[in-house]
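Line by line, the protein sequences give chains H and G.
For the first sequence, our numbering puts the final residue at 737, and the numbers step up evenly by one.
For the second sequence, our numbering puts the final residue at 737, and the numbers step up evenly by one.
No lab work stands behind these hints: they were computed from the structure.
Keep in mind that a hint or two might mislead.
[What the hints assert, rightly or not] Here are the computed lysine-lysine pairs in the DSBU-like style, where the Cα-Cα straight-line distance is at most 35 Å:
no.: 1; chain 1: G; residue 1: 417; chain 2: G; residue 2: 611
no.: 2; chain 1: H; residue 1: 417; chain 2: G; residue 2: 478
no.: 3; chain 1: G; residue 1: 710; chain 2: G; residue 2: 478
no.: 4; chain 1: H; residue 1: 478; chain 2: H; residue 2: 710
no.: 5; chain 1: H; residue 1: 710; chain 2: H; residue 2: 417
no.: 6; chain 1: H; residue 1: 478; chain 2: G; residue 2: 478
no.: 7; chain 1: G; residue 1: 478; chain 2: H; residue 2: 611
no.: 8; chain 1: G; residue 1: 417; chain 2: H; residue 2: 710
no.: 9; chain 1: H; residue 1: 417; chain 2: H; residue 2: 478
no.: 10; chain 1: G; residue 1: 710; chain 2: G; residue 2: 611
no.: 11; chain 1: G; residue 1: 710; chain 2: H; residue 2: 611
no.: 12; chain 1: H; residue 1: 478; chain 2: G; residue 2: 611
no.: 13; chain 1: H; residue 1: 710; chain 2: G; residue 2: 611
2 protein chains.
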Amino acid sequence: MLNTVTETLLMGPGPSLVSQSVRDAMARPTIGHLDPRFIAIMDEVKSMLRTAMETGNDLTIPLSGTGSAGMEASFVNFVEPGDAVLVLINGVFGLRMREVASRLGAKVTALEFDWGQPVVPGRVRAALAAGSYDLVAVVHAETSTGVRNPVEEIAPIVAGTDALFLVDTVTSLGGVPVSVDAWGADIVYSGTQKCLSCPPGLAPLTVSERGRDRLRRRTSPVPNWYLDLTLLTSYWEGAKRSYHHTAPINMIYALHQALANLIDEGLDATHRRHAAAHERLAAGLPRLGLSMLVDEGSRLPMLNAVTVPEGVDEASIRRRLLEEHDIEIGAGLGPLAGKIWRVGLMGETARSEHVDRLLAALGDVL
Amino acid sequence: MLNTVTETLLMGPGPSLVSQSVRDAMARPTIGHLDPRFIAIMDEVKSMLRTAMETGNDLTIPLSGTGSAGMEASFVNFVEPGDAVLVLINGVFGLRMREVASRLGAKVTALEFDWGQPVVPGRVRAALAAGSYDLVAVVHAETSTGVRNPVEEIAPIVAGTDALFLVDTVTSLGGVPVSVDAWGADIVYSGTQKCLSCPPGLAPLTVSERGRDRLRRRTSPVPNWYLDLTLLTSYWEGAKRSYHHTAPINMIYALHQALANLIDEGLDATHRRHAAAHERLAAGLPRLGLSMLVDEGSRLPMLNAVTVPEGVDEASIRRRLLEEHDIEIGAGLGPLAGKIWRVGLMGETARSEHVDRLLAALGDVL
Numbered sequence: 372m373l374n375t376v377t378e379t380l381l382m383g384p385g386p387s388l389v390s391q392s393v394r395d396a397m398a399r400p401t402i403g404h405l406d407p408r409f410i411a412i413m414d415e416v417k418s419m420l421r422t423a424m425e426t427g428n429d430l431t432i433p434l435s436g437t438g439s440a441g442m443e444a445s446f447v448n449f450v451e452p453g454d455a456v457l458v459l460i461n462g463v464f465g466l467r468m469r470e471v472a473s474r475l476g477a478k479v480t481a482l483e484f485d486w487g488q489p490v491v492p493g494r495v496r497a498a499l500a501a502g503s504y505d506l507v508a509v510v511h512a513e514t515s516t517g518v519r520n521p522v523e524e525i526a527p528i529v530a531g532t533d534a535l536f537l538v539d540t541v542t543s544l545g546g547v548p549v550s551v552d553a554w555g556a557d558i559v560y561s562g563t564q565k566c567l568s569c570p571p572g573l574a575p576l577t578v579s580e581r582g583r584d585r586l587r588r589r590t591s592p593v594p595n596w597y598l599d600l601t602l603l604t605s606y607w608e609g610a611k612r613s614y615h616h617t618a619p620i621n622m623i624y625a626l627h628q629a630l631a632n633l634i635d636e637g638l639d640a641t642h643r644r645h646a647a648a649h650e651r652l653a654a655g656l657p658r659l660g661l662s663m664l665v666d667e668g669s670r671l672p673m674l675n676a677v678t679v680p681e682g683v684d685e686a687s688i689r690r691r692l693l694e695e696h697d698i699e700i701g702a703g704l705g706p707l708a709g710k711i712w713r714v715g716l717m718g719e720t721a722r723s724e725h726v727d728r729l730l731a732a733l734g735d736v737l
Numbered sequence: 372m373l374n375t376v377t378e379t380l381l382m383g384p385g386p387s388l389v390s391q392s393v394r395d396a397m398a399r400p401t402i403g404h405l406d407p408r409f410i411a412i413m414d415e416v417k418s419m420l421r422t423a424m425e426t427g428n429d430l431t432i433p434l435s436g437t438g439s440a441g442m443e444a445s446f447v448n449f450v451e452p453g454d455a456v457l458v459l460i461n462g463v464f465g466l467r468m469r470e471v472a473s474r475l476g477a478k479v480t481a482l483e484f485d486w487g488q489p490v491v492p493g494r495v496r497a498a499l500a501a502g503s504y505d506l507v508a509v510v511h512a513e514t515s516t517g518v519r520n521p522v523e524e525i526a527p528i529v530a531g532t533d534a535l536f537l538v539d540t541v542t543s544l545g546g547v548p549v550s551v552d553a554w555g556a557d558i559v560y561s562g563t564q565k566c567l568s569c570p571p572g573l574a575p576l577t578v579s580e581r582g583r584d585r586l587r588r589r590t591s592p593v594p595n596w597y598l599d600l601t602l603l604t605s606y607w608e609g610a611k612r613s614y615h616h617t618a619p620i621n622m623i624y625a626l627h628q629a630l631a632n633l634i635d636e637g638l639d640a641t642h643r644r645h646a647a648a649h650e651r652l653a654a655g656l657p658r659l660g661l662s663m664l665v666d667e668g669s670r671l672p673m674l675n676a677v678t679v680p681e682g683v684d685e686a687s688i689r690r691r692l693l694e695e696h697d698i699e700i701g702a703g704l705g706p707l708a709g710k711i712w713r714v715g716l717m718g719e720t721a722r723s724e725h726v727d728r729l730l731a732a733l734g735d736v737l
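Build the full structure now, drawing on both the sequences and the hints.
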């Protein structure tokens, strides 16, 4: 059955195209998780993640799960039962944050915005003036709608309070600047299968010193042994590394190579490439009679929500793109199911030739 | 740094050697997690896992984390705060079960046995006669000591109660029979990097119908969104699959190939190969003046605890094996640190030529 797997142009909401160098890295021989050579690779991964996330945070590691495990870890370590949490919601991933925090016994306040519209900083300021919170959480790139939330405007508002600031950068990291230290964000997680162009399976996470202080002051044990950051750091930090769980060795090889590729190209150049691919797509869609869901100022370059025209069966278009053109694009989620396609221009996918191939294929099947 | 990674004979407690076919599978092109071709691969993985675990359980899937995520999922889904849990402990992984269950608010009773000795069924019977439990948990192959616990004798004792029976088969699956249905076990998890000879990163899990009933009768939400089995089954089961999290696509390719290799060779033949490698090692150690920690009747074939001779610096021996012979063996954990080496004969590692190479290398460095 594995021989059915052939090169497909991945233009959905992730995974994105994975380059041959990353696939080759992943296929290198497995070595032990405490082998000195592997420890050296781990140290380089941490260092390259700090570059990618623009942070000096010591605690900057990939967790052994997908981006959703990053969300889980971010709440389960930093929220205790009864803590007041403010979640800014304008899509599926904001809703998921509310669900994750609620299950952990937090008192969650949801500040909701229209799907397809960005979070409004003024409303965040008003909410933080009206109530006291232990943590404020927002999704930088809302993958369900294609909206870029103004984290750089929200950050200084949260910084004026005692709340920790938690940011989901699963879809943004590698495609637009993720400036953890400049934002003053305390907990930031991501995923590997979006703009890092690595297969899914790991969740990069970084935590500020303020975040670590909060962790040290917890009064209850973290109710998740697997994602307990204090235990994880005994494996990822320090001169003597202790076994916690067996790290996903080959996935970490892949992330190492993906980060090296990103840094080789340069963050600025990578961001420009994402922007250029997006602009090429945005310019081409109207020629096919298609339009974007999100207003120009709030669009994400790597996740483009394209409105499905009246009378078009969106699923059959996706099926034909996949079967006849080897191109995958994504469906809408939740209230946007059936109403939009989600076109990913992430990592290796974000190249003009791929945009042109999609536009030509759409012209064929529409 | 990745070019420092070369073929190493992995004879530690996992990861084990990964065959080229599995590495090639892992390096195949990434496709979408809802691509019909990937759904077909998932279905084959489920089916092959049922064969490997000797079960007809519908709910038989790989979780998106390492073996320790399997442990976490097994407790967090099936234990609610205040539940009475009996954990049988004779090593690090039994202790870990106690820790995981305690963090979830269970009332945990630990029935402890000497490290290096197996669980005694009579004491389990007495404990279950004296108290009422919602769940009984045991480790089949205690990786920290090399002891095989008599799950087949414990199972009928637990079956006479209302408790769910949870078994850790991280190290045993693929090396000795894991007979989930014959045992009547309700929740059984494993890992990929031991006798399945696949890189670390996934946790096979199977759940009986009785286990699923318990899950449906929960009164509180599972306090772990990422590992919530009810949500996971909406992605892994049924005609219409819903997005939960992005599956680790390439790791699942690797598991698919590893399971196909196991089934091609045949479970019985694979188990015989593990037994033969173990016997060859056990026969060779005395010639080097070395002995095994565990009594013959309770030894695991795939994890051999070898006593460090008086006056020998165990760490320097491990280092020399790695640096001079490209062979990794494992150290002792907890109270056995410094006292034993752990020699893994798992999956592809369990071959006579590897045993001979280790014995020769040990003869050289001792």
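Here is how each hint holds up against the structure:
Our distance criterion of 35 Å between C-alpha atoms is met by residue 417 of chain G and residue 611 of chain G, whose separation comes to about 16 Å. For the given pair, residue 417 of chain H sits about 38 Å from residue 478 of chain G by alpha-carbon distance, which is inconsistent with the 35 Å threshold. Between residue 710 of chain G and residue 478 of chain G the CA atoms are separated by roughly 33 Å; this keeps the pair inside 35 Å, and the hint holds. Distance hint between residue 478 of chain H and residue 710 of chain H is fulfilled; the C-alpha atoms sit about 33 Å from each other, no more than 35 Å.
Among the hinted pairs, residue 710 of chain H with residue 417 of chain H is inconsistent with the structure: their alpha-carbon atoms are about 40 Å apart, more than 35 Å. With a C-alpha separation of about 26 Å, the suggested pair residue 478 of chain H and residue 478 of chain G falls inside the 35 Å cut-off, and the hint holds. Straight-line distance between C-alpha atoms of residue 478 of chain G and residue 611 of chain H comes to about 34 Å, which keeps the hinted pair within the 35 Å bound. Of the supplied pair hints, the one linking residue 417 of chain G and residue 710 of chain H holds, its CA atoms being roughly 33 Å apart against a limit of 35 Å.
Our distance criterion of 35 Å between C-alpha atoms is met by residue 417 of chain H and residue 478 of chain H, whose separation comes to about 33 Å. Distance hint between residue 710 of chain G and residue 611 of chain G is unfulfilled; the C-alpha atoms sit about 53 Å from each other, more than 35 Å. Note on residue 710 of chain G and residue 611 of chain H: the hinted pairing holds, with a Cα-Cα distance of about 19 Å set against a maximum of 35 Å. Straight-line distance between C-alpha atoms of residue 478 of chain H and residue 611 of chain G comes to about 34 Å, which keeps the hinted pair within the 35 Å bound.
Our distance criterion of 35 Å between C-alpha atoms is met by residue 710 of chain H and residue 611 of chain G, whose separation comes to about 19 Å.
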